[in-house]
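J.: In order, the protein sequences belong to chains S and B. Numbers 1 to 131, taken from the UniProt record's numbering, label the letters of the first sequence in order. Numbers 1 to 297, taken from the UniProt record's numbering, label the letters of the second sequence in order.
Since the hints were derived computationally from the structure, they do not count as laboratory data. Yeah, the Cβ is synthetic: ideal placement off N, Cα and C, and Gly gets one too. Careful: at least some of the hints might be erroneous.
[As the list claims (entries may be wrong)] Chain B residues, not near chain S, derived (Cβ > 10 Å throughout):
(1) GLY42
(2) GLU61
(3) ASP67
(4) ASP223
(5) ASP235
(6) ARG238
(7) MET240
(8) PRO251
(9) ASP272
[Claimed, not checked] Short, incomplete list of chain B residues facing chain S, as computed with Cβ under 10 Å:
(10) LEU108
(11) ARG110
(12) ALA114
(13) ARG115
(14) LEU201
(15) ALA236
(16) VAL262
(17) LYS266
(18) THR269
(19) ILE270
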Amino acid sequence: MSSGPALVSILRQGDILVASVHTALDDAEMVRFQEDLVEQIGQYRARGVIIDVAALDVIDSFAANTLRSIADIARLRGAHTVIVGIQPDVAFAMVSLGMGLAGVTTALDLEEGLAHLAGIRAGTRSGPSGG
Amino acid sequence: MSDPNPDQRTADEVSVEAQQLLPQLVAHLREHRATLRDAWVGRIRDAHLLEAMTPQEMAAETTSVYDNYVEVLETGSVEALQHYARDLSERIIPRGVETHEVVGIVLLLRDVLARSLFEKYQGDVALLNHVLDAYEPAANRIANTVAVSFVDERERVIRQQQDAIRELSTPVLPVRERLLILPIIGVLDSERAKQLTVQLLGGIRTHRAKVVVIDITGAPDVDQTVANHLVQTVDASRLMGASVIITGLSPTIAQTLVTIGVDLSKMNTIGDLQGGLEEAERLLGYHVSRKEVTDGS
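Work out the full structure, taking the sequences as your base and the hints as a guide.
T.: Structure (structure tokens):
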């Protein structure tokens with residue numbers, strides 16, 4: 001299904017997967033990213049997934065939907081997903097276009113995302129954000 | 001061939017003759033520079049214009065305006081004058097010089113120079129006519145340029161001040177680590193609502209905020225557009241990992257929002273700012289308690 005070098009680096013830190021998106025992905029690359037990530041969640045028995053989109057200037061509706069799907073699929077595979085690093089103008093553009101990522105947990109940056117996942121594991125929800 | 005009746009000349013002829021007369025005219029104005037300038041300054045003083053300026057400044061400015069004026073008459077290029085007029089406006093606007101004063105002094109200069117031309121050529125009406133053909137359009141262009149430059153500069157200053165006011169009108173205040181307050185005072189129109197969102201999202205990033213309290217006690221009215229914008233701001237803040245608490249919805253605004261059917265289900269609203277701060281502290285895990293003072297007596 002996937003071919004060529006991965007465009008998104010997916011790093012493992014304990015039972016958490018950290019995926020950093022470095023460049024804008026087209027639709028096919030986005031699907032490829034989704035497949036890679038979902039496969040690795042099972043492979044590494046991950047309990048948490050952090051997707052860092054700080055490098056993206058634009059998040060279109062396909063990308064937003066894919067991110068939401070990833071969160072849903074990850075939940076079915078037993079991992080909690082946090083999207084981190086959405087830029088201020090990207091956030092406002094997404095909301096203006098009606099892509100509010102309802103139901104997906106979001107956090108300011110990687111550090112916050114890790115703190116949120118640690119909070120879930122400790123049995124308390126640390127972050128006020130999230131659906 | 002001579003044609004005594006000016007009405008039968010074509011526009012081209014007029015312009016050619018005007019071109020030939022211009023150097024003569026400019027030479028005359030240069031020759032009597034000191035006298036004419038003094039006459040002009042006298043007229044300005046009589047008309048009580050530019051009273052904000054000291055006599056020294058007045059002398060310096062009038063001399064350079066005079067020289068620029070004659071130069072534009074000679075070359076026909078208004079660009080240099082435009083540049084000078086902008087500089088001049090930049091200097092005198094902060095001193096409170098009004099538009100009517102600037103236009104006034106330029107028109108006075110135009111008048112002083114025209115009178116001197118009348119005096120010089122009054123013996124020959126036909127020639128005077130030609131001289132005026134050359135002088136009037138150029139003088140009008142100069143008056144126009146100076147006035148437009150001045151107004152442009154004033155508008156630029158006004159725009160700058162509006163930007164400053166807008167920025168100051170939506171302060172984003174950190175109260176505790178990771179907690180921001182955004183008090184909204186005054187009418188919230190859609191332009192200001194947009195500004196507010198930009199400032200807030202920037203503030204969340206800078207201060208790494210997790211909770212934001214937006215207090216709209218001071219906002220007299222909220223319409224549908226603004227309400228929807230508030231909802232979007234809340235959503236966008238959530239995407240950046242911060243949750244928003246809205247406080248101080250007045251009874252009128254609350255009724256309006258329900259009546260116009262804005263979807264507020266996602267909004268976390270609390271009656272007053274105090275309650276909002278308490279809720280924010282709870283979300284952040286702060287526990288604020290008053291230290292008991294034990295009174296000995």
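J.: Indicate, hint by hint, whether the structure satisfies it.
T.: Here's how the hints hold up against the structure:
1. Interface exclusion of GLY42/B from chain S stands, the closest Cβ pair being 59 Å apart, more than 10 Å.
2. The Cβ of GLU61/B sits about 46 Å from the closest Cβ of chain S, beyond the 10 Å cut-off, so the non-interface label holds.
3. In this structure ASP67/B is separated from chain S by more than 10 Å, as the shortest Cβ-Cβ distance comes to about 50 Å.
4. Interface exclusion of ASP223/B from chain S stands, the closest Cβ pair being 18 Å apart, more than 10 Å.
5. Not every beta carbon of chain S lies more than 10 Å from that of ASP235/B, the smallest distance being close to 4 Å; the non-interface claim is violated.
6. A beta-carbon of chain S is positioned within 10 Å of the beta-carbon of ARG238/B; the least distance is around 6 Å.
7. At roughly 5 Å, the least C-beta separation between MET240/B and chain S is not larger than 10 Å, which violates its mark as non-interface.
8. PRO251/B, annotated as away from the interface, keeps every beta carbon of chain S farther than 10 Å; the closest lies near 28 Å.
9. Taking the minimum C-beta to C-beta distance to chain S, about 20 Å, the non-interface status of ASP272/B holds against the 10 Å cut.
10. Taking 10 Å as the C-beta contact cut-off toward chain S, the hint placing LEU108/B at the interface is violated, the least distance being around 52 Å.
11. With a cut of 10 Å, the hint placing ARG110/B at the interface with chain S is violated, because the nearest CB-to-CB distance is about 52 Å.
12. Restraint check, ALA114/B versus chain S: the minimum CB separation of about 58 Å is more than 10 Å; hint violated.
13. At a threshold of 10 Å, the smallest CB-CB gap from ARG115/B to chain S is about 61 Å, leaving the interface hint violated.
14. A distance limit of 10 Å between C-beta atoms decides the matter here; for LEU201/B the minimum to chain S is near 3 Å, and the interface restraint holds.
15. Of the supplied interface hints, the one on ALA236/B holds, with its beta-carbon coming within about 4 Å of a beta-carbon of chain S, less than 10 Å.
16. Hint status for VAL262/B relative to chain S: violated, with the closest Cβ pair at about 15 Å, above 10 Å.
17. Against a cut-off of 10 Å between C-beta atoms, the interface hint on LYS266/B holds, since the closest Cβ of chain S lies about 8 Å away.
18. With 10 Å as the threshold, the beta carbon of THR269/B stays out of range of chain S, its nearest partner Cβ sitting at about 15 Å, so the hint is violated.
19. Residue-level restraint check for ILE270/B is violated (minimum Cβ-Cβ distance to chain S is 14 Å; threshold 10 Å).
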